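There are 2 protein chains.
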Amino acid sequence: MIKFFEKAPYSPVEYSYDVEEILYKGKSKYQEIKVIRNLYFGKMLILDDVVQITERDEFFYHEMLTHVVMHSLPEPKKVVVIGGGDGGVVREVLKHKSVEKVYFIEIDEMVINVSKKYFPDVASGIDNTRVEIKIMDGAEFIRKRKLSDIDAVIIDSTDIVGFARSLFTIEFFTNVKNCLTDKGMFVTHTESLHFHKDMVVEIQEVLKKVFPVVDIYTAPIATYPGNWWAFAVASKNLSPREIRRKPKIKTKYYNDEIHHQAFMPKGLYEKLMQRKLQW
Amino acid sequence: MIKFFEKAPYSPVEYSYDVEEILYKGKSKYQEIKVIRNLYFGKMLILDDVVQITERDEFFYHEMLTHVVMHSLPEPKKVVVIGGGDGGVVREVLKHKSVEKVYFIEIDEMVINVSKKYFPDVASGIDNTRVEIKIMDGAEFIRKRKLSDIDAVIIDSTDIVGFARSLFTIEFFTNVKNCLTDKGMFVTHTESLHFHKDMVVEIQEVLKKVFPVVDIYTAPIATYPGNWWAFAVASKNLSPREIRRKPKIKTKYYNDEIHHQAFMPKGLYEKLMQRKLQW
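Listed in order, the protein sequences are those of chains D and Y. Taken in order, the first sequence gives residues 1 to 279; the numbers are from the working numbering. Taken in order, the second sequence gives residues 1 to 279; the numbers are from the working numbering.
Rather than coming from a laboratory, the hints here were simulated on the basis of the structure.
Taking lysine-lysine pairs in the DSS-like style, the calculated list, with each CA pair at most 30 Å apart, reads: (1) Y/Lys250 x D/Lys276; (2) Y/Lys276 x D/Lys95; (3) Y/Lys43 x D/Lys276; (4) D/Lys248 x Y/Lys271; (5) D/Lys197 x Y/Lys250; (6) D/Lys95 x Y/Lys266; (7) Y/Lys276 x D/Lys117; (8) Y/Lys177 x Y/Lys197; (9) D/Lys266 x Y/Lys97; (10) D/Lys197 x Y/Lys95.
From the derived model, a few chain Y residues whose C-beta atoms are all more than 10 Å from chain D: (11) Lys29; (12) Lys95; (13) Lys117; (14) Asp121; (15) Thr129; (16) Met136; (17) Lys144; (18) Leu147; (19) Ser148; (20) Ile160; (21) Leu167; (22) Asn178; (23) Ile243; (24) Lys248.
Source: prediction; values computed, not measured. For glycine and all other residues, C-beta sits at the position ideal for the given N, C-alpha and C.
Using the sequences and the hints, build the whole thing.
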């Protein structure tokens with residue numbers, strides 16, 4: 001049996017997977033793209049030797065990245081998705097009937113094409129008429145946008161290194177804020193609370209310089225090292241802890257109970273931000 | 001750099017760790033015991049090629065296995081700890097001043113001795129005068145006990161295979177119930193909610209045949225494959241979701257907010273038990 005050894009940045013545990021079959025291997029301008037098949041996880045999308053999604057468990061990440069913010073918004077109409085070339089977040093966003101327009105900003109067109117071919121279910125929303133695809137840097141899209149008409153900006157980036165770093169600066173967050181409506185929200189993953197606690201804190205600190213409301217929720221993701229995945233969410237005034245529309249969409253994991261439970265307890269959040277958590 | 005490749009049962013992801021130094025390697029009557037040093041996790045205790053604890057993050061597991069039940073009990077005096085030869089659970093139990101007696105039942109004395117030498121902090125409670133060590137099978141200890149005077153039975157077993165299986169039968173659970181006071185509680189880990197969902201459900205089902213109250217809580221453990229670790233808790237009448245004594249002990253992770261948040265939301269629990277969760 002061939003094995004795939006993941007090369008996740010900053011992870012003190014190395015993950016490896018049995019490879020039943022290598023379905024695709026190619027190189028884009030930005031990264032190496034692989035699709036392998038594993039007996040348990042099904043097809044797996046791998047970018048620069050880091051697992052991005054698996055057929056079996058992609059919904060944990062996509063649902064949790066998308067639906068917390070989407071249910072905290074009273075009536076989201078325009079949504080920007082940056083990254084997430086597999087289309088998983090776009091698919092989840094489109095489940096919300098109020099959504100009229102999804103700007104889908106992906107820097108690497110090859111990821112979209114590979115996903116459409118090998119992950120048709122995940123990519124199923126990409127060609128929807130409500131979706132406008134732009135192959136470009138998400139930071140540039142946000143910087144150039146002059147209107148404040150976006151209800152949600154969702155970042156589904158690779159690990160926060162290399163070209164993804166431009167999405168985690170005070171300039172970028174300021175530009176995001178300028179694009180948002182008064183009720184708008186921003187959400188991004190910020191790596192593992194086990195292994196990247198300092199990065200989780202630093203991103204919160206930068207966001208707090210820009211947004212009045214900044215918070216953290218987590219979700220258990222089996223295929224991301226450290227698993228205890230932290231999401232940063234920010235808004236101009238609405239709390240993301242509150243659900244403003246009862247969930248009516250079909251999901252495998254997310255629901256209103258999970259929404260509330262996912263947020264970091266306030267005592268733990270305070271200790272985290274004071275850098276008093278010892279692990 | 002030498003690498004240690006974990007051989008966890010049933011895990012579709014294989015974990016590996018850089019080994020700075022092999023500090024100990026021996027073989028007991030029951031298993032191979034290794035202590036290695038990893039730059040990030042510090043010393044790691046490994047039984048039959050499965051990571052049991054690491055210096056850096058052992059408290060997540062030990063605190064969550066111990067303190068949920070201990071804070072749900074009005075005044076725990078007598079506690080049985082089965083397994084957990086490293087002493088981590090015993091250390092946590094002893095933090096509760098009401099505890100007069102800990103029966104510490106470990107089948108493999110060599111694990112205790114290795115832990116005392118290499119993990120003195122974890123093993124710090126083992127020689128406490130309130131602790132009575134018995135080197136024997138936990139199932140036998142429970143079967144032979146004639147009194148119903150135990151407030152908490154805590155199982156800290158290795159993975160639920162091999163000799164640990166005898167701790168997950170209807171006979172054993174019935175005997176546990178007979179040992180408990182009317183307010184007594186039982187808790188055990190039941191592997192990962194990601195990777196061992198069926199086992200989690202089956203253990204709940206067996207427990208429900210014996211105990212009126214059965215529940216699940218979870219904790220994120222970075223070094224156990226699947227990470228999203230499920231704990232089964234059972235009692236004759238008290239709900240473990242309720243805290244009956246305000247936490248006053250010193251912990252790194254557990255607190256009253258974590259206690260409440262850790263329990264599986266009721267909707268998710270129902271879907272799990274109906275085998276409707278699709279992952």
